Structures are given as structure tokens and as C-alpha cells.
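Colleague: As a plain string of letters, each chain reads:
2 protein chains.
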Amino acid sequence: MPFTQTDQKYMQRAIELAKKGRFTTSPNPNVGCVITLNDEIVGEGFHLKAGAGHAEVNALAMAKEKSLGATCYVTLEPCSHFGRTPPCALALVKAGVKRVVIAMVDPNPKVAGRGISILEEAGIIVEVGLLTAQAEQLNLGFITRMKFKRPRITVKMASSLDGKTALKNGESKWITGKAARADVQYFRAQQSAILTGINTVLLDNPSLNVRYQELINSPQITPELLPEANVRQPIRILLDSNNKLTLQEHLFSLPGKVLIVSLTARDRSDFDLCTADVEQIICPKNDLNKIDLHELMSLLNQYEINDLWVEAGATLAGELFKCDLVDEFILYQAIKLMGDQSRSLVNLPHFSTMNDIIKLKLQSVVQIGDDIRLINHRE
Amino acid sequence: MPFTQTDQKYMQRAIELAKKGRFTTSPNPNVGCVITLNDEIVGEGFHLKAGAGHAEVNALAMAKEKSLGATCYVTLEPCSHFGRTPPCALALVKAGVKRVVIAMVDPNPKVAGRGISILEEAGIIVEVGLLTAQAEQLNLGFITRMKFKRPRITVKMASSLDGKTALKNGESKWITGKAARADVQYFRAQQSAILTGINTVLLDNPSLNVRYQELINSPQITPELLPEANVRQPIRILLDSNNKLTLQEHLFSLPGKVLIVSLTARDRSDFDLCTADVEQIICPKNDLNKIDLHELMSLLNQYEINDLWVEAGATLAGELFKCDLVDEFILYQAIKLMGDQSRSLVNLPHFSTMNDIIKLKLQSVVQIGDDIRLINHRE
Chain E
1 MPFTQTDQKY MQRAIELAKK GRFTTSPNPN VGCVITLNDE IVGEGFHLKA GAGHAEVNAL
61 AMAKEKSLGA TCYVTLEPCS HFGRTPPCAL ALVKAGVKRV VIAMVDPNPK VAGRGISILE
121 EAGIIVEVGL LTAQAEQLNL GFITRMKFKR PRITVKMASS LDGKTALKNG ESKWITGKAA
181 RADVQYFRAQ QSAILTGINT VLLDNPSLNV RYQELINSPQ ITPELLPEAN VRQPIRILLD
241 SNNKLTLQEH LFSLPGKVLI VSLTARDRSD FDLCTADVEQ IICPKNDLNK IDLHELMSLL
301 NQYEINDLWV EAGATLAGEL FKCDLVDEFI LYQAIKLMGD QSRSLVNLPH FSTMNDIIKL
361 KLQSVVQIGD DIRLINHRE
Chain X
1 MPFTQTDQKY MQRAIELAKK GRFTTSPNPN VGCVITLNDE IVGEGFHLKA GAGHAEVNAL
61 AMAKEKSLGA TCYVTLEPCS HFGRTPPCAL ALVKAGVKRV VIAMVDPNPK VAGRGISILE
121 EAGIIVEVGL LTAQAEQLNL GFITRMKFKR PRITVKMASS LDGKTALKNG ESKWITGKAA
181 RADVQYFRAQ QSAILTGINT VLLDNPSLNV RYQELINSPQ ITPELLPEAN VRQPIRILLD
241 SNNKLTLQEH LFSLPGKVLI VSLTARDRSD FDLCTADVEQ IICPKNDLNK IDLHELMSLL
301 NQYEINDLWV EAGATLAGEL FKCDLVDEFI LYQAIKLMGD QSRSLVNLPH FSTMNDIIKL
361 KLQSVVQIGD DIRLINHRE
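From first to last, the protein sequence lines are chains E and X.
Its first residue numbered 1, the first sequence is counted upward by one per residue in UniProt numbering.
Its first residue numbered 1, the second sequence is counted upward by one per residue in UniProt numbering.
No lab work stands behind these hints, which were simulated from the structure alone.
Note that the structure is predicted; figures quoted are calculated from it, not measured.
Misleading hints may appear alongside valid ones.
Said to hold, decoys possible - Covered stretches of chain X (in silico footprint by chain E; criterion: 3 or more residues with CB under 8 Å from a CB of chain E, positions within the stretch not fixed):
{"#": "1", "stretch": "40-54"}
{"#": "2", "stretch": "159-170"}
{"#": "3", "stretch": "335-342"}
{"#": "4", "stretch": "348-359"}
Stated by the list, open to error - Pairs of lysine-lysine residues, derived as PhoX-like cross-links and limited to a Cα-Cα distance of at most 25 Å, are as follows:
{"#": "5", "chain 1": "E", "residue 1": "Lys49", "chain 2": "E", "residue 2": "Lys257"}
{"#": "6", "chain 1": "E", "residue 1": "Lys359", "chain 2": "X", "residue 2": "Lys168"}
{"#": "7", "chain 1": "X", "residue 1": "Lys173", "chain 2": "E", "residue 2": "Lys359"}
{"#": "8", "chain 1": "X", "residue 1": "Lys244", "chain 2": "X", "residue 2": "Lys178"}
Don't be surprised by glycine CBs; every beta carbon is placed ideally from N, CA and C.
Please work from the sequences and hints to get the whole structure.
Modeller: In C-alpha cells form, the structure reads like this:
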């Protein structure tokens, strides 16, 4: 069915509203909702975080009695289940809306279409498929988790123009500049979890957290858009196959959740002195006696991780590419040359023909300070 | 002195005219000229190629008697010497122009200011310095040659995102796509000379020429802008320290000039069977018994090379960077990963601190087909 320009305008607004939740909704999806009556917005809402009102409920609360006979634009199919809140589909029926326009169906195969059924059974006109591609962009991680029972995986790296990440002696501070590092904070703040390998932890002793003081250096962030109190620390996930972590590493002294992934269990009492909320998960190994990354991603599903941000070294990045587990590859490049004797970006098997190399698809390239940032997707 | 918006407009037009010569003027500079009378353009001209009329002469020819009392906008100081044509400064005096606006002074220290003196001595109002930066961009190579007695050097390379140029076994065809290769043709067509090293010649057997059929795939080129007959083949310069070339290599069967740079002379009769016009120059060696690149650039000065385009392998590129002889570094990056076992972009000495690595300054980054092109300058 053809949508009007008016429909487009209101759905576009609903998408903008949905984006406001992007730092806080995980593990829930980002959803925006606009209610109109006689070509006038009478209610608006978005989902801020788990436990808070859904977008439709918030919009209905604003519209009050004006929802009677109204049109409702919502970026995701209204929910049909009793969860933390009653189902939104029922709330829309109860409020007496006349027509519901939906950008995309719920990606969860178990629930997809049920919200729509509730509405239709109540005699509401339901139209699906307006600005679907944009709506999907709001929830790439949520969609991946629902469809494939694993998080959406973004690998982030930084290198010189000649693809080097550190000098031979390991020195690497700093390849990229302050603006690029603030940009990383902007991405980190939107993730469900940040994963890295044991070598990065032992070598760099990173915090792997979101630092508000750096974050607000990012031009995309203002205190109005993201007040400090709304910053949600992603789960930190550390791959430590053979229990090499001493637990004295810096990140264990910071609040928030840490998941250690190992092949064998360590004494739980080890974690008692950590400020962080530490948990160990034991992962099956692959043929090479290493953590099986496919198995790991399935295990992570129970933690409801939509978006997984990997700050990887050359080995882990290579393993993820080999397993075809990289949905997005973000590379910050400094306009510098480090030479053939420096360390290479990604460890891959020996290729004997150009057909075998890894091909990606450029999504965007922009200058960030003195550096550039490339966002690439699976081809 | 303050220039008016009208002045700006006409000088901008003169700059656009100058650009039309960029495929053909070498070794001469690009120059454009606009003559106005009563705020109306009465003459326009640009320099097409050595031996053809200078920009001012062409504009005067169009203006005819309307040059009396006119204003002349010219991107470069009018010449003062009798060369292939009589001095343009005298021609302007003779034509009775009232005022001459000049974007930039002649960069040749031996002649700078003489053209201006001739005009001023004839009572013409001369104003210098309008849109100077833009005018300099027209003639970066010419300016470098005049000031430093060497060509302006652009190093062009192509690599994967992880800075690799070939597989371990040497295979590299093709890292970048058709559009990037057409773009290279667009740049080649504007060069005075193309230089490469012996290894590239022996490995790739390249033509190192401008191929019109590929060139017109570049979106910047149309047959109107550059008719096939106007394509000028840059001089091909091959670094062959120890006379390893067999002269059976493909490029010797193509017409045009080839300069072989060696440390010792070979028999001149070797060249008799080549279709190309081959010449050998003997270059002094450096402390490592290799071609001294600084000496080479001075030697090239006698060939009036403004813009030297280097299609280098990792060794030659590294040597040029070490000698601080890279004015511009153009990198085509394919959105691909080739892994740590593939060949690195540039051979540089071992660096023990990040302060020692090579830093460049990004001028632009754009997508070209599936690849990206970065233009970088010396920091």
C-alpha cells in the first residue's frame, strides 16, 4: 500500500525519537512513536530503558483522550506479551486508535506478527513497511540477536596508513589523536558489551569503560543528549583461555560487570576482592584447543547482548574474520607510516591467491581530527 | 590593497581557464587570463602548450582594440623575456591596458618582478596578490622546480586496508578496482614524468603510459576536455642502478621518451632497437652504493620536469620518505584485508619510538568505485 508524504514525515519523526534511547535501551530495542489526530501531533514517546515505559505507552500518556480515532506511527511492531509492562498492542486498542503504521515487524520469530494480530482483531487498520530500512538501522544488534541468537559484532581497530598497530617493541601510544579516541567513546557508550583478549589486557591494562569526560569531547554528544547519569557501562568481556589474569588489572577496580571467558574454571573466591562484579563463563574449545568463538557468541546470548564491540589485537581480529563473525569493521587510520618492521593489523592465514583475501564493503569514510574513520560491513 | 568582488570574479574565471591547460602545458606553467572593459569580458585566454600562445597573448587577440584602457586579470606575472614568444608584459603595454591584476609573482627568482617592472614603468596600475593560494595550486610542480631546482614529487601506491601490496608469493592483481585505475590515469595524464624502480619493471612489466581508453573511464575526463590528440605521454624514468633491464621489457616497445638512471653506463647501441626514445643518465651514488636520490632530482632538472609521479614499490617509497623527497603521497586503499603474511606497503628503518615514525597531513579522502583515495602532504 502506498504511504503518503504525511505518513513519511511522522514516521521520520518517530525514528528520530527512537534514536534518543540509543545509549540506554539495551537489551531492549530502540523504539519511537508518534500519535497524530487531524494531521497534528498529539502524542510522542520513545523507549528510554528497560523497566521504563515503552514508546507507545509514553506517546499515549501524552495524547490522553486525543488518541481516540488517532493514527499511531511506531518504528517497531507493538509488543504482545506481558513483560515488565503490559502489552502495547492492547494499550493501543484500549486507547481507541483508528490506524497503526509500523515501520518493521518484530524480528523475534516467536513474537513476530502477534502484536499486529491483536490490533487487526480489534478492527484497527494496520499498515506495515514504511521506512523499514531506517528502522532496521536503529536496532541492528537487537535484530541480529533475535534472528541469529548471537550479538552483532563490531571489530574496532586503529592503525597507521600502512596498517601497523605498534612498533616492533610494542609501543603504540598514541597512533590516533584525541578526537578519534573521543569518537571511540561515542561508540562504546552505545554498546551492550566490550570484548577484548588477554594480551590487550596484560599489555595495555585498559579500563574498557565509558569515560564521560572523554565522551563529551565527541561532537555528537551534548550533556542534554546524554546526561552523565544516563551513561550505562557496557559489560566488559575478557577472553582468558588459561586463567592468566591476576585480577589486579586496572579494570577489576572499576564498577560494572566483567565476564571472564576461559576454558577451565578458576576459584570463585578469586573475585571477592574486585570492585567489579566479576563472573566467569567456561566456553567449549575448538579443534585448536582455543576458545570456540561461535560457541562463545551463543553463550553470550543469555546475557542479552545486542551490540558487541570488540577492541581486538591482530590475533583475535584474525580469528573473528576467519569465523565470519565480523558484522562491522571500524578502522581508525592515522595519516602516518610506521614501516614494514612494525606490527601488522590482522593475523590471517597464508593466502596463495587474491581470490582468498577478505573483502569488505565501505559504508562511510570521514575525517576525525587528524585521522580518518572507515566503517565497513561484511561484503 | 583591497580587491573588489568584481576583481575576485574575473580572477576566478582566469583560474578556471588556466586549468584547461593542465594536461598539456608542461614544462610551462598553467596560466589563465581575462581582459575586461566596463565590467564586461572582452578577452579570454589560457596557455595550452609550449610553443603555442601565452594566456595574455590569446586574450589580447580576442579583445583586439577593446584592450585599450582595459583591466587584465592574469594568474601568473606576465613574462619579461624573449623565449618562444615575445614577452607578454610588452604585449600588454603595447595593447594599452590600464590596469593589470596578478594572482602571483613568477616563482623563478631570476625573473620574479621583472614583468611587473615593465608594466609599472609603462604607467600601468599593477596589483598583485588576488587568489594567490588558488593560483599556486595550478602550478605546484612548476613552483617547486623554479624554487628548489627539482621536480615536485608525488608517490602513488595501492594497498589493502591493512597496508599490504601483494601476497607473499607476489600476486597483487588487482588490489584496487577499475575506477581507481582510471583515476590513476587521470593523474598520470597531468604529469611531466613517471618514475619507477627496476623491481616494478621486472615484476609487473608495466607500460607506464597514459592510456586514453582507460583515462576516459575517469568521471573527470571528457573528450571535450581532453581530446585524444592532446594526450601528452609523460617521460618514463626507470631506476636501474646495475643495468638489469634487458630492453625487451614492454615499455621499450611503446613510443615516447624513456630515461634509464644507472650508476654505470651501458652500450648506447643497446637502445637502437627500442621503439621508445631511450636515453641513459648516470647518477652519483650515495654512501650505500645506491642511486643518490637527491642527486637524481637535481639531474632531472635539466629535463624541465615539473611534476614527477612515482609508482613505487616498498623499497623506493621508503627511500624517498627517508630522503624527505615526498611532497605528496596518494594512496588507493581497497576495502580488503590481506593479513600479516602479505607484503608491507613501505620499507622503513626500525623505529624505537613513536616520535620517529613518518607523519603526513591529510588533504582529502574520497571514495573511488569500491576503493578510497587519500591525498596526503608533507606535515
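Colleague: So, for every hint listed, does it hold in this structure?
Modeller: A quick look at each hint next to the structure:
no.: 1; hint: 40-54; verdict: violated (count 0)
no.: 2; hint: 159-170; verdict: holds (count 9)
no.: 3; hint: 335-342; verdict: holds (count 8)
no.: 4; hint: 348-359; verdict: holds (count 10)
no.: 5; hint: E:Lys49 to E:Lys257; verdict: holds (18 Å)
no.: 6; hint: E:Lys359 to X:Lys168; verdict: holds (18 Å)
no.: 7; hint: X:Lys173 to E:Lys359; verdict: holds (14 Å)
no.: 8; hint: X:Lys244 to X:Lys178; verdict: violated (31 Å)
The structure fails to meet hints 1 and 8 from the earlier list, while all remaining hints are met.
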